[in-house]
Structure formats: structure tokens, C-alpha cells
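With the hints as your guide, set chain U onto chain S.
For the record, the sequence lines run as chains S and U.
When the letters of the first sequence are read in order and numbered with UniProt numbering, they come out as residues 1 to 352.
When the letters of the second sequence are read in order and numbered with UniProt numbering, they come out as residues 1 to 109.
Worth flagging that the hints you see were computed from the coordinates, not collected in a lab.
These figures come from a predicted structure and were not determined experimentally.
Treat each hint with caution, since some may be false.
[As the list claims (entries may be wrong)] Listed next, the in silico SDA-like pairs over lysine to any residue satisfying Cα-Cα at most 25 Å (straight line): (1) Lys270/S <-> Gly44/U; (2) Lys270/S <-> Glu40/U; (3) Lys295/S <-> Gly13/U; (4) Lys253/S <-> Glu263/S; (5) Lys153/S <-> Lys253/S; (6) Lys253/S <-> Ser61/U; (7) Lys266/S <-> Ser109/U; (8) Lys229/S <-> Ala79/U; (9) Lys266/S <-> Asp70/U; (10) Lys297/S <-> Ser61/U; (11) Lys229/S <-> Met26/U; (12) Lys253/S <-> Glu90/S; (13) Lys297/S <-> Glu108/U; (14) Lys83/U <-> Leu250/S; (15) Lys7/U <-> Glu36/U; (16) Lys83/U <-> Glu235/S; (17) Lys297/S <-> Lys83/U; (18) Lys83/U <-> Lys103/S; (19) Lys266/S <-> Ser61/U; (20) Lys7/U <-> Ser61/U; (21) Lys200/S <-> Thr219/S; (22) Lys195/S <-> Lys7/U; (23) Lys125/S <-> Ser61/U; (24) Lys83/U <-> Asn130/S; (25) Lys48/S <-> Glu36/U.
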Amino acid sequence: MIKTDILIIGAGPTGLFTVFEAGLLQLKCHLIDALPQPGGQCSEIYPKKPIYDIPGFPEVLAGDLVNNLMEQIKAFQPGFTLGERANTIEKLEDGTFLVTTNKGTQHNAPIVAIAGGLGSFEPRKPLINNLKAFEDKGVAYFIKNPEIYRDKKVLIAGGGDSALDWSIFLADVASEVTLVHRRNEFRGALDSVEKVQALKDLGKINLITPAEVTELKGTDKLHAVLIQKSGDKEEQIIKEVDEFIPLFGLSPKLGPIADWGLEIEKNAIKVNTFDYQTNIPGIYAIGDVNTYPGKLKLILCGFHEATLMCQSAYQRIYPDKKYVMKYTTVGGVSGFDGSKKQAPKAVVKTIE
Amino acid sequence: MSDIKIKITDRDGVLHEIDAPTDMNMNLMEIVRSYELAPEGTIGICGGMAMCASCQCYVVSDHQLPEMSDDEDAMLAEAFHVKDNSRLGCQIQMTEDLEGLEVELAPES
Chain S
1 MIKTDILIIG AGPTGLFTVF EAGLLQLKCH LIDALPQPGG QCSEIYPKKP
51 IYDIPGFPEV LAGDLVNNLM EQIKAFQPGF TLGERANTIE KLEDGTFLVT
101 TNKGTQHNAP IVAIAGGLGS FEPRKPLINN LKAFEDKGVA YFIKNPEIYR
151 DKKVLIAGGG DSALDWSIFL ADVASEVTLV HRRNEFRGAL DSVEKVQALK
201 DLGKINLITP AEVTELKGTD KLHAVLIQKS GDKEEQIIKE VDEFIPLFGL
251 SPKLGPIADW GLEIEKNAIK VNTFDYQTNI PGIYAIGDVN TYPGKLKLIL
301 CGFHEATLMC QSAYQRIYPD KKYVMKYTTV GGVSGFDGSK KQAPKAVVKT
351 IE
Chain U
1 MSDIKIKITD RDGVLHEIDA PTDMNMNLME IVRSYELAPE GTIGICGGMA
51 MCASCQCYVV SDHQLPEMSD DEDAMLAEAF HVKDNSRLGC QIQMTEDLEG
101 LEVELAPES
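Looking at chain S on its own, in the form it has when it is part of the complex (with noise of 0.2 Å):
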């Protein structure tokens, strides 16, 4: 199990930020996020996309901001449990939180803090009426262990960069690999694009456009896909595959904390705006997640709600220790790995 001061759900740039607001107060924090890597939307929708209202940064990239977010905390050696979905919350007898993931990873906290964003990234999933019964029988949105697909015959569909990357990557590990994308033209890097390319004139790729699955065959496991063209020749297909991996992207759903008996409103978890504490003490909700009268849904607005929050999680903690907020310029930032990092002291010297 893993124990921790302030269990936060999501690491996007709120998430991160509390790290550091946490350690300046000797807090610990571990992170979950459904996503493989830190960073939320700015690294999964837009991280080559400018933010120009982050408070002293007149232009930074998402995905510069993430890294510089997770370079600002780094002393505080967060723990990080990604590629995992915050599940199940459960309150102890001692008044700590236990939260499961739905790998079963168990963490435990006596102050939890949601910064979960618009929800947690959930595969997109294309309109075919039986695609469900074919799920981990055949139909798989995301790929986890590549191996799985050794010598099968794979297709899949879409027309974005991670239809592209495993098209490419899994040429050399399946026996037949078929991409399948209703347009003719791809969105992906260029590097990609040109080497799908290539592949399909070695007869590596069977590329199938403008084209979409319509139907999947099989018994208990699939065994065939329906496969529409249209264009200029249209015509229908039936391609014997073993494996069909849709990947047509990502959108966030606020899924399993919708259940966890917090006070929701126009899909956001309503908070107070004296500590951004939910109806549930020791449960916070900070960034895109909450609402409130007036509420922004703006980076900004996120890292000054995580910083309130951490100051009442420290009360929640230590009802009885006397603390004032001391500033980074005065104090230093002294992290868990022994580094200090202050400002330099003046030296008095007479000058002759």
C-alpha cells in the first residue's frame, strides 16, 4: 500500500503545482493518473500549443510548462502511479482515506486532493453496433504489451499519429499489419506519415482508404471485420483479422468520482471557496474539476486553489502546530532529496 500525506488525482499542471505547495510545508504527495504520462491535457491534447496567461511567462508551450512544473518539484520526489484510474474511495477507521485504483493499487492519505481536470482520458470508441462483445476478445483501444500481437493479423483504424506509430511499429512484429482511415490523408508528423509511406510500398502495410470498419465477425473471438470503402470505387470487404485496434483518440470523462458521494453540479465537484474543501472534509477538489460562484477555468486559478488548499490540508494534519507562510525568497525551498536551494546572503564587507 501506498502511504502519502496528500493523495492527488490527476497530474496536470494543478496537480503538479501542489507538489511544490506541499513541500514547502514538509508535505509528502503522490499522484494518480489514468494517462501514461504527467502533464493532463497540455501534454495529451496540446503540448505544442502556446499559453500566453501564465503569470511572468509572456509565451510558454503545454508541454514546456509541464516539464518546467515537474523540474520545479522534483526535490519534493513525488510518487507517481500512472496509466491507472482512481476507482474506489473508502474511509478509514482512523479517518484516512484509502483510494483504489482499477489495477487494485491501494493508496492511503489523510488528505485527498481531486485535480482531476474535465475526467479522466477514455478511449474514443467508433459506432459499431457489436463492438462491445468483442472487447479483450479481439477489440483492444489501447496497446499495452505490443508482444501480444506476434505473428496476428492486426488492423488498425484511424488517422492520427497513434493510428501512424503502431501501424509502423507493429509492421515488424505482426504477420500482417492493415490500417484502415476514412480519409486518404493522414494527420500525423510528417516523419510518420512518410514512413507509413514507405511501408506500404514494401507490402508491409495494407493500407485500406477512404474506408471504415462497419461490422465485426466471430464467434467468441473475432475473426473478421466488414470493412466499407467509399470513394470512387465502392465496395465492401470482409478481411480476416485476429486483432482490431480502433484508436481514434481520447476524451475525458468524469467517470468513477461522479460516484464517490461529493456534491456535483454542471459536471464539476462544487467546493467552498474558502479552502476548496468538497461537502466530504479531508476531500478537496482544486483546478477545472471544481466549481464555484465565479469559477475560471484557467491554469491560474488552478495553482492559487491548490495553494489555499495545501495550508488547510497542513491544519487538517497538525490541528495543533503553530504555522505562518514564510516566503520562498526568505525561507529557501529545502526538498526530501537534501537539496537547498536559497538566495545568496549579502555580505558585509567594508569597502576601502
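For chain U alone, kept in the frame of chain S given last:
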């Protein structure tokens, strides 16, 4: 003030006739959000970067719309429920030319 009247059919099939300002640098997705015609968190997820398709709509009237950017075109190529008249609301700026625009919001996906 320069408002235009537009008609938006929401995801439940209810028609709304609303005034849309043309002097506030707003796009159709933002108009829908400002009138709360779709629940928060189900529209405009990427904030208007043509990167999520949550604001997909079908343009019913025959207005001359701004040309599709490569980003919008590519996003619609990966979205679901796409029809010939599909557009992303976030890419349609409110201008006086769009007086009388009629759109339907595409289903959530």
C-alpha cells in the same frame, strides 16, 4: 451593438432562437456555452483548438461559411457522427454575414 439572430437545435432536439453578438470575438461553440445549450464539460473540451470535436454541429442553412482549416478537416476525419454538413462550432466566428444561421448540435461522443 450588432447582434445576429441564429437558430440552434440542441442535442435533445429542442430549437433555440438566440441573439449572438458579433463584436465579442465569439465563435459558435462559445455561443452555445454562454446560453448553456449543452452541459458544461460536454462541449468545448479542448477550449476551441479544433482538437476534440465536442462542438461538432450540422449546418442546416446555406450560409457561406469560412473555409475549413487543415486542423478542422483532419479532426472531422476522426470524429464520429460526421455528415457532409458537419463543422466544428469553435471554428465558426460570429459575423454579420451569419444572420439567420441554422445549426444542429451533433450527438455527444
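Results for each hint:
Annotation: proposed proximity of Lys270/S to Gly44/U holds, straight-line Cα distance about 21 Å (limit 25 Å). With a CA separation close to 14 Å, the supplied pair Lys270/S and Glu40/U stays within the 25 Å bound. Note on Lys295/S and Gly13/U: the hinted pairing is violated, with a Cα-Cα distance of about 29 Å set against a maximum of 25 Å. With a CA separation close to 17 Å, the supplied pair Lys253/S and Glu263/S stays within the 25 Å bound.
The suggested pairing of Lys153/S with Lys253/S is violated, with an alpha-carbon distance near 32 Å, which exceeds 25 Å. Between Lys253/S and Ser61/U the alpha-carbon distance is near 32 Å, which puts this suggested pair outside the 25 Å criterion. Taking the CA atoms of Lys266/S and Ser109/U, the gap is about 18 Å. The hint holds against a cut of 25 Å. At most 25 Å may separate the alpha-carbon atoms for a hinted pair to count; Lys229/S and Ala79/U meet this at roughly 17 Å.
A threshold of 25 Å between alpha carbons decides the hint, and for Lys266/S with Asp70/U the separation of about 32 Å lies outside it, so the pair is violated. At most 25 Å may separate the alpha-carbon atoms for a hinted pair to count; Lys297/S and Ser61/U exceed this at roughly 33 Å. Restraint check for Lys229/S and Met26/U: not satisfied, since their Cα atoms lie roughly 38 Å apart, outside the 25 Å limit. For the hint linking Lys253/S to Glu90/S, the alpha-carbon distance of about 21 Å falls within 25 Å, and the restraint holds.
At roughly 21 Å between alpha-carbon atoms, Lys297/S and Glu108/U fall within 25 Å of each other, so this suggested pair holds. Between Lys83/U and Leu250/S the alpha-carbon distance is near 21 Å, which keeps this suggested pair within the 25 Å criterion. About 14 Å separates the Cα atoms of Lys7/U and Glu36/U, which keeps this hinted pair within 25 Å; it holds. For the proposed pair Lys83/U and Glu235/S, the alpha carbon gap of about 20 Å is at most 25 Å, so the pair holds.
With a C-alpha separation of about 31 Å, the suggested pairing of Lys297/S with Lys83/U is violated against the 25 Å cut-off. For the hint linking Lys83/U to Lys103/S, the alpha-carbon distance of about 38 Å lies beyond 25 Å, and the restraint is violated. Between the alpha carbons of Lys266/S and Ser61/U the distance comes to roughly 31 Å, so the proposed pair goes past 25 Å and is violated. Among the hinted pairs, Lys7/U with Ser61/U is consistent with the structure: their alpha-carbon atoms are about 10 Å apart, no more than 25 Å.
A C-alpha spacing of about 31 Å is found between Lys200/S and Thr219/S, which places the hinted pair above 25 Å, so the restraint is violated. Pair hint Lys195/S plus Lys7/U does not hold up; C-alpha atoms about 46 Å apart against a cutoff of 25 Å. Straight-line distance between C-alpha atoms of Lys125/S and Ser61/U comes to about 30 Å, which puts the hinted pair past the 25 Å bound. A distance of roughly 22 Å separates the Cα atoms of Lys83/U and Asn130/S; the hinted pair therefore holds under the 25 Å criterion.
Restraint check: the Cα-Cα separation between Lys48/S and Glu36/U comes to about 30 Å, which exceeds 25 Å; the hinted pair is violated.
Violated hints, listed in ascending order, are 3, 5, 6, 9, 10, 11, 17, 18, 19, 21, 22, 23 and 25; each of the other numbered hints is respected by the structure.
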